[in-house]
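Q: Using the sequences and the hints, build the whole thing.
Number of protein chains: 2
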Amino acid sequence: MRNSVRELTVDLGERTYPIIIGQGLLGSYDLTPFVQGSQVMIVTNETVAPLYLESAKACFPGRQVDTVVLPDGEKYKDWQTLNLIFDGLLEKRHSRKTTLVALGGGVVGDMTGFAAASYQRGVPFIQMPTTLLSQVDSSVGGKTGINHPLGKNMIGAFHQPEVVLIDTDSLKTLPSREVSAGLAEVIKYGLIRDTEFLGWLEREIASLVELQTAALVEAIYRSCACKADVVALDEREGGVRAILNLGHTFGHAIETFAGYGNWLHGEAVGAGMMMAADLSLRQGMISEEDRTRAVRIIDRASLPARAPEGMTPDDFRRLMAVDKKNVDGSLRLVLLRALGDAVVTDQVDVSQLDATLRAFCVASEGVNG
Amino acid sequence: MRNSVRELTVDLGERTYPIIIGQGLLGSYDLTPFVQGSQVMIVTNETVAPLYLESAKACFPGRQVDTVVLPDGEKYKDWQTLNLIFDGLLEKRHSRKTTLVALGGGVVGDMTGFAAASYQRGVPFIQMPTTLLSQVDSSVGGKTGINHPLGKNMIGAFHQPEVVLIDTDSLKTLPSREVSAGLAEVIKYGLIRDTEFLGWLEREIASLVELQTAALVEAIYRSCACKADVVALDEREGGVRAILNLGHTFGHAIETFAGYGNWLHGEAVGAGMMMAADLSLRQGMISEEDRTRAVRIIDRASLPARAPEGMTPDDFRRLMAVDKKNVDGSLRLVLLRALGDAVVTDQVDVSQLDATLRAFCVASEGVNG
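As you go down the protein sequences, you meet chains A and B in turn.
Under UniProt numbering, the first sequence has 26 at position 26, and the numbering climbs by one with no breaks.
Under UniProt numbering, the second sequence has 245 at position 245, and the numbering climbs by one with no breaks.
Do not rely on the hints blindly, as some may be mistaken.
The list treats identical chains as interchangeable, and a pair is accepted whether it falls inside one copy or across any two copies.
Unchecked claim - Using 35 angstroms as the maximum straight-line C-alpha spacing, the simulated DSBU-like pairs for lysine-lysine come out as follows: (1) Lys92 to Lys75; (2) Lys75 to Lys97; (3) Lys172 to Lys92.
No lab work stands behind these hints: they were computed from the structure.
Here the structure is a predicted model, which means the values were calculated and not measured.
A: What follows is the structure, encoded as structure tokens:
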């Protein structure tokens with residue numbers, strides 16, 4: 001599979017776009033067919049810039065390419081940092097025909113996408129995700145935005161890219177903790193919708209942890225395809241798309257408690273998916289064996305298996321209440337009806353939820369459910 | 001016509017919405033049929049709140065109505081003030097089913113609309129414009145946004161309201177300067193597209209300046225209808241919609257030079273339309289008589305007839321270059337091919353433009369073209 005390029009189409013009517021996945025694409029793949037105007041603004045961060053910015057520029061031969069380099073980290077996913085993008089666009093006099101390019105992980109992608117959605121009321125953008133998490137998650141769905149002190153991703157827009165370019169070589173410089181965080185979302189697709197893929201993951205998880213190219217291309221392709229299927233059914237997130245949030249309500253509470261950036265998003269989702277599997281068992285929806293299988297594959301990706309130190313069930317209850325997945329204040333969660341079959345429900349048994357929270361808050365409560 | 005209610009439909013497919021115009025609607029018109037969820041957040045400013053906030057609340061019987069009161073003025077049309085809306089929504093735990101309501105002028109409308117476009121990636125909103133300018137301009141078009149230090153309205157979104165409620169009684173508390181500013185946009189519709197309406201305005205301008213209800217309802221209805229026609233042809237502003245910017249490229253330069261809020265938007269547009277008519281004459285597009293007719297109706301609305309004191313042709317050239325109506329850096333202007341027939345052109349004769357700039361910058365240059 002070395003040097004092979006796989007291409008996937010995300011089918012959204014007039015907003016349809018391709019995802020191009022392969023090894024060594026940064027620096028060699030010509031993206032100018034996706035650029036309408038003469039100007040390109042690449043947005044990246046201080047960590048990614050020295051590694052890939054020059055290669056990324058080479059994808060736009062003959063265009064005016066300017067750059068904005070943001071500080072690195074989830075804690076900078078805010079108004080102040082977003083404004084650095086607008087400052088750069090206006091200082092360099094980018095017109096409404098400019099194309100923004102997000103080079104980096106999910107934070108860079110979300111912020112650049114929102115900047116593109118908002119600059120002069122909307123300009124096109126291109127994604128070049130360089131982390132596994134952003135490759136398998138942010139590449140599909142069109143969600144963009146920033147955080148607010150009172151909640152994650154509370155301010156944003158739906159805005160689809162022109163194209164997504166995924167170079168698996170960019171994962172070679174990724175810390176192993178971030179590889180694991182990305183694998184959390186890969187595993188999620190197996191858990192919510194695809195038992196065949198879950199079986200493949202159980203065989204290939206070691207190859208993925210070791211960053212073997214063929215396995216990575218396959219895992220990224222299948223993850224994006226799974227997410228694209230779900231998003232095509234429900235672009236604006238009115239219904240089935242919510243199953244993509246398996247583990248996320250718990251996960252967002254964990255991230256907020258820990259302080260943005262202290263736990264990686266994928267780590268919080270990994271723990272959150274274990275909690276969702278645990279609650280699914282307690283509510284009689286899946287078997288002990290399925291719960292164990294879900295927990296084990298997450299664990300084999302070296303993801304944390306409990307809540308942050310000091311976090312209590314009360315912290316969860318408080319922080320889950322402002323999660324945006326709640327409609328009119330009632331608690332809705334994504335649970336498993338079976339492996340490969342997730343469901344959104346507001347039928348949450350509060351005493352069973354409490355048992356799950358206690359089970360994952362062992363350090364602070366000394367109680368193991 | 002007293003107490004009559006006129007209704008206009010802005011036809012935008014699935015985003016179609018009504019504009020309801022009449023006397024005494026605030027406080028008596030039930031808007032709950034336009035509210036899907038249980039929560040309503042009214043956004044207004046310190047000037048409007050004591051006058052109309054209680055009446056506005058009465059339009060939503062049986063709903064949870066919260067309020068955010070912003071400082072008043074174009075200079076607050078920025079990130080910091082926008083964030084006050086998000087703070088209020090999150091502190092009061094408004095879900096993604098909430099409805100935002102803009103009660104005030106164009107600044108409140110633009111900011112509330114952008115907050116609605118961005119809160120949790122988009123929630124519905126309702127417009128209750130209380131100034132003449134916002135009633136005839138911001139009610140139609142879906143443009144929302146905020147300013148950036150390097151340019152007006154550079155950050156925003158297209159987001160259509162569920163309904164627009166226009167109470168002509170709210171104009172009774174409006175300073176006469178703001179009535180004139182609103183009339184600039186009313187006159188614009190006659191100049192760009194409707195000579196019959198221009199003739200009506202030449203007969204009724206005194207009644208409008210005196211705020212006679214029947215004339216106001218008619219002028220607002222016809223202005224909104226004219227703008228709705230143009231917007232329906234071109235919702236995302238790719239073509240014909242640009243004629244709505246008659247006078248605006250000059251006007252934005254004036255506003256930026258004067259400092260946001262020192263010249264009212266409509267005042268700058270009034271002077272800008274005179275400049276556009278002047279340049280149209282100089283380029284041989286309209287007659288001396290038509291130029292005079294255009295200048296006279298603007299003048300009868302008590303609008304300024306020259307650039308701000310101290311502003312030079314160089315200031316215009318510098319500030320017009322970052323105006324977002326420019327595609328890839330070339331200067332495009334809206335000019336008049338005839339009264340009632342505006343056209344967008346990049347065929348601007350630079351020496352004639354210089355003559356127009358000198359003619360309107362008399363104070364600083366001592367030259368009258």
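Q: Against this structure, judge whether each hint is valid.
A: Okay, the hints, checked on the actual structure:
With identical chains, the CA atoms of Lys92 and Lys75 are at most 35 angstroms apart both within one copy (26 angstroms) and between copies (24 angstroms). Taking CA atoms no more than 35 angstroms apart as the test, Lys75 paired with Lys97 passes in both settings, with 30 angstroms inside one copy and 27 angstroms between copies. Only within a single protomer do Lys172 and Lys92 lie at most 35 angstroms apart by alpha-carbon distance; the minimum there is 33 angstroms, versus 45 angstroms between protomers.
Violated hints for the displayed structure: none, as all numbered hints are satisfied.
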